[in-house]
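Start from the sequences and build out the full structure, keeping to the hints where you can.
Given next are the chains, with one letter for each unit.
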Amino acid sequence: MEFLSYLISGVSLGSVYAIIALGYTMVYGIAKMLNFAHGDVIMVGGYISFCAISYLGLPSIVAVLLAMLVCTVLGVVIEGLAYRPLRSAPSLAVLITAIGVSYLLQNAALLLWGAGGKSYPSVVSGALQLFGGQLSISYASILTVAVCLVIMAALSAFISGSKLGKAMRACSEDKGAAQLMGINVNATISLTFAIGSALAAVAGVLLCSSYPTLMPTTGSMPGIKAFTAAVFGGIGSIPGAFLGGLLLGIIEALAKAYISTSLANSIVFAVLIVVLLVRPAGLLGKYVPEKV
Amino acid sequence: MGTILKVEDLNVFYGSIHAVKGVSFQVEQGEIVTLIGANGAGKSTTLNTIAGLLHSRSGSISFLDGPLGKVPPHKIVSKGLALVPEGRRVFLQMTVQENLEMGAYTQPGASLEADLDRVYQQFPRLQERRKQVAGTLSGGEQQMLAMGRALMSHPKLLMLDEPSMGLAPILVEQIFQIIRSLHKSGTTILLVEQNAQAALSVADRGYVLETGRVVASGTGAELLASPDIKKAYLGG
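Going down the list, the sequences are from chains Y and W.
Oh and the first sequence: position 230 is 230 in our numbering, straight run, nothing missing.
Oh and the second sequence: position 202 is 202 in our numbering, straight run, nothing missing.
In case anyone wonders, no lab produced these hints; they're calculated from the structure.
The structure presented is a predicted model; accordingly, all values stated were derived computationally and were not measured.
For glycine and all other residues, C-beta sits at the position ideal for the given N, C-alpha and C.
Be aware that one or more of the hints could be misleading.
Among the chain Y residues that face chain W by a calculated CB cut under 7 Å, a handful are [as the list claims (entries may be wrong)]:
| # | residue |
| --- | --- |
| 1 | E2 |
| 2 | K166 |
| 3 | A170 |
| 4 | A177 |
| 5 | L180 |
| 6 | G182 |
Part of the chain W face toward chain Y, derived, beta carbon under 7 Å [as the list claims (entries may be wrong)]:
| # | residue |
| --- | --- |
| 7 | L53 |
| 8 | P73 |
| 9 | H74 |
| 10 | S78 |
| 11 | F91 |
| 12 | M102 |
| 13 | Y105 |
| 14 | L112 |
| 15 | I178 |
| 16 | R180 |
| 17 | H183 |
Dropping the structure here:
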């Protein structure tokens, strides 16, 4: 029963990682860049929803929508101002810019909201009691997993079935050929950032609901871990982000429970190293042979 | 009849390399015009510049009376200009049908089914494989897919860049059959080829490019008969 409860908290944590990892993997798949500022967009989503609930007294669902809106705009603006001018620059220049944007967001948050931790109001409270109270699952966990599943299903349907989703796949394979089809590549990349950032806002709310201390650095560690999850699952692959996120969450929760709390992060990254040694493209990543 | 494409004094650079040096030519409605020449003559560069993937430093390109100079590449296809790029560049991880749908990206959704039928009729092989991922097709099939994909946009001018490259002789013959039949059905074609013999025998007119310049032009038959061209490009 104890194991089950750890497993469930792992799945819930993993669902948050998976939602964040989707943002990394989609942006990587289409723009071929690592957006290291993605984790900080999560933090912004957390603060926006925090302010909406605590200062403005808005209902939590409105707060979530507001956070999504602000983060979507933020993501598109970051892409347009910081990354678009570097479209044909070497990838190192883009990477360094992304790190710069990450620090910019953290310091802007420090300036706006201060260094002290804010205590995040609980969006959903209570827990489901099972087996006569032996197993208790918080509603926040259930909500997190459910939201993750809905997002995965919706995003997969969008990417595989819709015209815009197919255009995204076309851009991810060959931007020149996509332009020849009449696809506006810049608009497609903006759309990718918009979706990724809206998901980051959702992840921010879910993360703060489970770990209710909000600081300007709140997004960094989950951001890095979700990036790890994306690489773990196979960067560029949407099912890979889901699988990588879940596995990472479970490994982390079980390592914390049975091995050592302070070693949990080391164990997570050690597993990543082993997986990449065996499967360099990640669990679901694939090498596509190129025909010439 | 009228001039569909007019290129005047086109100059294109790759960094400091002057790849296309003052090229001028035109394509009339209903013609097949070919640009032939060796590797590095500037043929593909010319086509990519017309399609908007590269930018010219000077010169003008007008298509159906409108200049193409400042038009972004993703808006060029909806003007009726489609390029089948060198090396085919089909979307390898997408299915045959999805590739064709991408070709119709700028078209209204209502005509999609009819356009798919039309292309499948032209390339029955693609219909058989419509659910297959393009990466599993053979080189010849990928070339057909690339051509079918371009035809989905109802081009007024179809530009083909080295359609026979890397294909077995029997497939080359098949590709040129398709080019002939497209021409018969009224498509205007600008064809870039290294296979000068095959290109000149289907073309109404041709231009010979050498290191970025047009060095000869004439009807397909004239060029085929010219001793200089024979010596340089036709192996004797």
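Okay, the hints, checked on the actual structure:
Annotation: interface hint on Y:E2 violated; nearest CB of chain W at approximately 44 Å, more than 7 Å. Restraint check, Y:K166 versus chain W: the minimum CB separation of about 6 Å is within 7 Å; hint holds. Nearest Cβ of chain W to the Cβ of Y:A170: about 5 Å, under the 7 Å cut. The hint holds. For Y:A177, the suggested interface contact is upheld, since its CB lies about 4 Å from the closest CB of chain W, less than 7 Å.
Taking 7 Å as the C-beta contact cut-off toward chain W, the hint placing Y:L180 at the interface holds, the least distance being around 5 Å. Because the beta carbon of Y:G182 sits about 4 Å from the nearest beta carbon in chain W, less than 7 Å, this interface hint is met. With a cut of 7 Å, the hint placing W:L53 at the interface with chain Y holds, because the nearest CB-to-CB distance is about 6 Å. At about 4 Å, the closest approach between the beta carbon of W:P73 and any beta carbon in chain Y falls short of 7 Å, and the interface hint on this residue holds.
Given hint, W:H74 at the interface with chain Y, holds; its Cβ is 5 Å from that chain's nearest Cβ, closer than 7 Å. Hint status for W:S78 relative to chain Y: holds, with the closest Cβ pair at about 6 Å, below 7 Å. Restraint check, W:F91 versus chain Y: the minimum CB separation of about 5 Å is within 7 Å; hint holds. Nearest Cβ of chain Y to the Cβ of W:M102: about 5 Å, under the 7 Å cut. The hint holds.
The beta carbon of W:Y105 is positioned within 7 Å of a beta carbon in chain Y (closest approach about 5 Å), and the interface hint is therefore held. For W:L112, the shortest C-beta to C-beta distance to chain Y is roughly 10 Å, which exceeds 7 Å, and the interface hint is violated. At about 19 Å, the closest approach between the beta carbon of W:I178 and any beta carbon in chain Y exceeds 7 Å, and the interface hint on this residue is violated. A distance limit of 7 Å between C-beta atoms decides the matter here; for W:R180 the minimum to chain Y is near 24 Å, and the interface restraint is violated.
Checking W:H183 against chain Y by beta carbon gives a least distance of about 21 Å; that is not within 7 Å, so the hint is violated.
Hints 1, 14, 15, 16 and 17, counting from the list given before, are not met by this structure.
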